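J.: Line order of the protein sequences matches chains X and E.
Taken in order, the first sequence gives residues 1 to 117; the numbers are from the numbering used here.
Taken in order, the second sequence gives residues 1001 to 1280; the numbers are from the numbering used here.
In short, the hints are calculated from the structure, not lab data.
It should be emphasised that the depicted structure is a prediction, and the values quoted were computed from it without experimental measurement.
Backbone N, C-alpha and C define an ideal beta-carbon position, used for all residues, glycine too.
Incorrect hints may have been included.
Said to hold, decoys possible - Here's a subset of chain E near chain X, in silico, CB distances under 8 Å, partners left out:
1. 1098
2. 1101
3. 1149
4. 1161
5. 1171
6. 1172
7. 1177
8. 1181
9. 1190
10. 1191
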Amino acid sequence: MLVIAHSRPVRQALRNIEDIHPDAVRRRYGRVALFEPTEFGAFLALRLRAEHDGDVQVCRTVPFNEFRDVPESVRRAASEYTDREDPHTPYRTFASNRDLPDPESMQDRDLWTSSST
Amino acid sequence: MDIVLNVAGTVRRGRAIDARSLDLGLDPQDIVESLRDTEDDRLRSPDPGPVHDHVGVIQEGMSISLHAAVAAAARSVDAETPYDAEIERLTEERAAIEIESVSMAEARSELADVTEDVQRLREEVARIGGAVETRRSMDADPTTAEARLEEVAAELAEAETRRIAAEQRYERLQQRAAVQRDRRDRRMELGDRLENRRRAARSYLVEHHYPSFRQAIEAIPGRARPGDRPSAFDGDAVTAALAIARMAEVEAPLVIAVDRFSGAEQVADLLESPVMLLDG
C-alpha cells in the first residue's frame, strides 16, 4: 500500500506513524511510504485520508510483471537497445533501423488504465 | 485598551493586577483561555501575540525554547530581517493557490459495486449456460433454463454498460484529482521554502538581539549566565522567561505565577509589561 503525502502535515504524520507503528510501515522515503497491506495498514491510511482529504494519496501496488503487462516488442526494444554495439546511438535511430517501436507511439499507448485492478 | 478582570463580582483593572489572594479559583490556563477567547468576558484585554506563546504564562517548572523566544521578542519590537520580503512573497504565493477537493469515495464505491455485479452475473450466466447444455444433452426440455439464461444475459449486458460508465466517471475524477495534487505539491514546496526562510530569519534575529536579552536578564533577580547565544544559556527557564518578557513589547497581560515578587506593580515595572499575578 503506497501512501503519498501532498502536504507538510501529512509528511510529518508519515514520520510519526513510522515511529509509533514500525511494523506497519515497510519503508518510508521522505513523503512516500509503503504500508504493510494489512487491515491495520488500511486503518491507518483511511484515518489519514479522513483527516487530510486530498493531501493523502493511497495506491495499491503490485509487482511489475512485464510478461503479463508489456508487449513483446517493447521488451525486445529494451533488451536489444541495452545490448547495442555503439553506445552513442540514440534509441530513435536504433529503433528505425530495426523495426522496433518508436518513442512517440510508445508514449501514446497505455499499459493499463488507472481504474483497472 | 484597558485591561479588566471581572470574575464572580470581583473587578480589577489596569496593567498590574494582583489576583493572588482574591480566591477566585483561577489557574493560569483559565487566564490564557480567557485571553484568547474574545467572547470570554472574565478578562478583557488586547489580544495576546506570538510572545505569549513563549512567556504568556511564567511559572516554576516551565520550559522555554530560548532561540524561538528571543526571535519572537525581537519581532515584537518590530525587528526586521533581510528575509522578510521573500517571506511575505512566499506567504502570498502560497495563499493564492486554490485547491479543490475532488470527492472520489462515491465513484470508487460505485465502481466496486458494479464490478462485483458483473462478476456475479458472469458466473451465473456460465452456470445457467451449463445447465442448458446439460438438459439438451439429456434430451430434456431446456426452455425454462433458456429463458432464464436470456434474462440473466440481459442483466449482465446492462451491468457491463454500468461498469463502463463507472470506470469513465472514475477516470475523469482521477484526472481532476491529479491536477489538484500538482497544486498541493506546489503548496507543499512553497511551505518548505517558507519554513526555511523563517528559520533563517529567526537565526538572524537571535544573532542581532541576543545582546538585548543579555541586557534584560541583568535586571532580573535570579542566577543566570546567558552566554553569547541561546544554546550557551545556563540558568533556569523562569529567569530566562522574565528576561524575554522584559525585552519584548506586549499588550495583553502576562500571567506570572512565581513566588519571587511582592507585588504586581513591582513586576509590571520590572518586565515593562502588563501582568497578572496568580499563586505559584
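J.: Can the hint on residue 1191 of chain E be confirmed by a CB-to-CB distance to chain X that is less than 8 Å?
T.: holds, 5 Å
J.: Mind checking the CB of residue 1177 of chain E against every CB in chain X and telling me if the closest is under 8 Å?
T.: holds, 7 Å
J.: Identify whether the interface hint at residue 1161 of chain E stands, where standing means a beta carbon of chain X within less than 8 Å of its own.
T.: violated, 16 Å
J.: So, as I understand it, the hint says residue 1171 of chain E touches chain X; can you test that by seeing if any CB pair is closer than 8 Å?
T.: holds, 6 Å
J.: Holds or violated: the hint that residue 1101 of chain E contacts chain X, with Cβ atoms closer than 8 Å.
T.: Nearest chain X Cβ about 6 Å off; hint holds.
J.: So, as I understand it, the hint says residue 1181 of chain E touches chain X; can you test that by seeing if any CB pair is closer than 8 Å?
T.: holds, 5 Å
J.: Under 8 Å, Cβ to Cβ, is where residue 1172 of chain E needs to be relative to chain X, so tell me if that hint holds or is violated.
T.: Check failed: Cβ of residue 1172 of chain E comes no nearer than 10 Å to chain X, outside 8 Å.
J.: Hint validation: residue 1098 of chain E versus chain X, beta carbon distance must be below 8 Å. Holds or violated?
T.: Check failed: Cβ of residue 1098 of chain E comes no nearer than 13 Å to chain X, outside 8 Å.
J.: Hey, does the residue 1149 of chain E contact hint survive, CB to chain X under 8 Å?
T.: Constraint on residue 1149 of chain E not satisfied, violated at 28 Å.
J.: So, residue 1190 of chain E near chain X? Judge it on the closest CB pair being under 8 Å.
T.: violated, 10 Å
The earlier numbered hints that this structure contradicts are 1, 3, 4, 6, 9.
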